[in-house]
Amino acid sequence: MTPRRPPVGERFRRFRDRLRAASGNIRAPSDDARTAPGTARPPSDDARTASGRRGVPPPEAGRRRGRGGEELTVPPAEFSSYYGRPILKPPVWTWEIAAYLFTGGLAAGSSLLAAGAQLTGRPALRRAGRLTALAGVTASGVLLVKDLGRPERFHHMLRVAKLTSPMSVGTWILAAYGPAAGLAAVAEAAPLLPERGPLGVARRMLPPVGRAAGLAAAGIAPALGTYTAVLLSDTAVPSWHAAYPDLPLVFAGSALASGAGMGLIAVPPAQAGPARRLAVAGAGLELFGAHRVQTRLGLVAEPYRVGHAGRLLAAGRALTVVGAVGALLGARSRVVSAASGAALLAASVATRFGVFHAGVASARDPRYTVLPQRERLQRRADEQDR
Amino acid sequence: MVDPESRSGSPVAFDPAAAAGWVDAPPRMGFFTDTSVCIGCKACEVACKEWNGVPASGLDLLGMSYDNTGALTANSWRHVAFVEQPRPSGDDSAAPAGAGSTEFLGMPGAAPPGRTGSAHGRSDFRWLMMSDVCKHCTRAGCLDVCPTGALFRTEFGTVVVQEDICNGCGYCVSACPYGVIDRRADDGRAWKCTLCYDRIGAGMTPACAQACPTESIQYGPLDELRDRAAARVATLHERGVPEARLYGHDPSDGVGGDGAFFLLLDEPEVYGLPPDPQVPTGDLPQMWRRAGLAALAMAAGAVAAFLGGRR
Chain E
1 MTPRRPPVGE
11 RFRRFRDRLR
21 AASGNIRAPS
31 DDARTAPGTA
41 RPPSDDARTA
51 SGRRGVPPPE
61 AGRRRGRGGE
71 ELTVPPAEFS
81 SYYGRPILKP
91 PVWTWEIAAY
101 LFTGGLAAGS
111 SLLAAGAQLT
121 GRPALRRAGR
131 LTALAGVTAS
141 GVLLVKDLGR
151 PERFHHMLRV
161 AKLTSPMSVG
171 TWILAAYGPA
181 AGLAAVAEAA
191 PLLPERGPLG
201 VARRMLPPVG
211 RAAGLAAAGI
221 APALGTYTAV
231 LLSDTAVPSW
241 HAAYPDLPLV
251 FAGSALASGA
261 GMGLIAVPPA
271 QAGPARRLAV
281 AGAGLELFGA
291 HRVQTRLGLV
301 AEPYRVGHAG
311 RLLAAGRALT
321 VVGAVGALLG
331 ARSRVVSAAS
341 GAALLAASVA
351 TRFGVFHAGV
361 ASARDPRYTV
371 LPQRERLQRR
381 ADEQDR
Chain A
1001 MVDPESRSGS
1011 PVAFDPAAAA
1021 GWVDAPPRMG
1031 FFTDTSVCIG
1041 CKACEVACKE
1051 WNGVPASGLD
1061 LLGMSYDNTG
1071 ALTANSWRHV
1081 AFVEQPRPSG
1091 DDSAAPAGAG
1101 STEFLGMPGA
1111 APPGRTGSAH
1121 GRSDFRWLMM
1131 SDVCKHCTRA
1141 GCLDVCPTGA
1151 LFRTEFGTVV
1161 VQEDICNGCG
1171 YCVSACPYGV
1181 IDRRADDGRA
1191 WKCTLCYDRI
1201 GAGMTPACAQ
1211 ACPTESIQYG
1221 PLDELRDRAA
1231 ARVATLHERG
1241 VPEARLYGHD
1251 PSDGVGGDGA
1261 FFLLLDEPEV
1271 YGLPPDPQVP
1281 TGDLPQMWRR
1291 AGLAALAMAA
1301 GAVAAFLGGR
1311 R
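Going line by line, the protein sequences match chains E and A. Once you know that position 136 of the first sequence is 136 in this note's numbering, the rest is easy, because the numbers rise by one and skip nothing. Plus 1000 on top of the position in the second sequence (first one is 1) and you've got this note's numbering.
Read the hints as simulated data drawn from the structure, not as lab findings. These figures come from a predicted structure and were not determined experimentally. Even for Gly, the Cβ is constructed at its ideal location relative to N, Cα and C. Be aware that a few hints might be false.
What the simulated footprint calls covered on chain E by chain A, stretch by stretch (three residues with Cβ under 8 Å from a Cβ of chain A suffice, anywhere in the stretch; the number is not a length) [said to hold, decoys possible]:
hint : region
1    : 78-88
2    : 91-102
3    : 156-162
4    : 184-193
5    : 215-225
6    : 229-238
7    : 281-288
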């Protein structure tokens, strides 16, 4: 008995109310095909279940009727569960991880843009790319450490290198990429240094160092932009795991598009030609991947289409199209280019948060755990029969 | 979905402790939880908390029969599930439409469900109880994805978190196909059953098995437990309990078999267990391959953007 004890029975009362509301609705003809997977639905935290069940027939009557053997009006249970509780633990990751998916991708896309600009002699684009990459990777580090349960122990990640842990692989990718991107960005400060004295030496040394570091960062960038898809897929979260063939494409495209978006904002239209083409390429990859994720996964694609995640992904898709079209058509206008860039950045944010929330939703609802596994068992049994 | 390679092969003799580098490891130890004799006393939950110093989970009534623990969490390493079903025990007539479902019958109440004082509203029911625990998988998702090495495979083939290493990244929580391991909110680290690593290292029985008054929780070498479980299922089938089945005993399942397996009287999902769990890392080689392809596409896109036009 501690003073911090929660009020006894509050949850129980809420549960009972939901149960009554739901058990009434199960018997009523329902146009919502997604309700009533079993009689065990009520305690779900899902608003879908809890809402829209007020004003149904008296619960006691409904329940008694349902239990009688003859008037079995309850549709056969699609699946059973333990009081509707999730089987899996929803990810404990919070918005920081979704935001990191964006900042990491932005850094990766920007490094590629900067390296291309460096090799083709476009200093303004190079500078924008390098600075964005540094900002992106710094934000990534902060977000990742902040999301840890024990942030002060972040360096424990460096104890081991494990190929079976995408997070460990990612740690080492970041550990290699971060300093390279940082050095490349710092090298942009060379013209600000005095020409004489020890700083003058730095002024002469930095540009070549920056060039090497920029190329190194660009070499690692594709790994940084795509490993995050494996990070999500290598979990038991149904919608993330099943999406493993196409999620890397979404993230690669999103990374390119966001990097290009930043380029479109930062550079005058005359020098933004490559960013424009990169934006279109990235948008194409992202849309292609997202389409496959949303259509090819059967039941576990549902969280990518409905609810909060579905809205975010739809917004991301629309913004991507707007941004890519704007990038193509606005080649003469600084304003249109910058607006397109902003749309691409917003699209990337929406897509990353959408994918993140879809996974969380799929882990929260036991139907996405049980039904695909039941199907798999059935398929295996059928194969054995043959 | 691609099934892991383990399904085609037969890794029956696979010893996780030896695979983890232990030399001359003792036999693999585990739990066999026979739910057919569980009486739902929760002595296992209490003994576990007492021995392992697990913090209180707070008091709340969940309205889920006598289960106010709710689920395995960072603060509950044993969890006794109570399943109420409107079906008499031993009813082996063709499975009714609602078979396998869980219905809230209003327990706890002053009287058993179905006893209303009159014939009206009386119902038949059966009550299933099951003490759930970490499965200590042969191929453990949590262990595979842990980026700090905090999770490790013990010489007994069990999976344990080192609390002084864990930095609370939370990856193991998402990687567990059973939803067992969990991050403790006020502490930030991941916690789960250790199969009483300290006790079994000293030759003792884990606290929960020691406390179990009906030997529903049995502890011992896994091979021995599997034999015992098979015999128990045969006995139950003989006695007219055809729904008795083992869960997690099969070394060719998606997680390579569990170190803690169960005898159940209904489908696994009725108890909140996944019907066909797969270790997420089973598909990892394909995942890296797909990510590699996407990375190439990314690089190619960048090259094309710079070579593809004048300006």
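Query raised in the report: Taking each numbered hint in turn, which are not upheld by the structure, reported in ascending numerical order?
Result: 4
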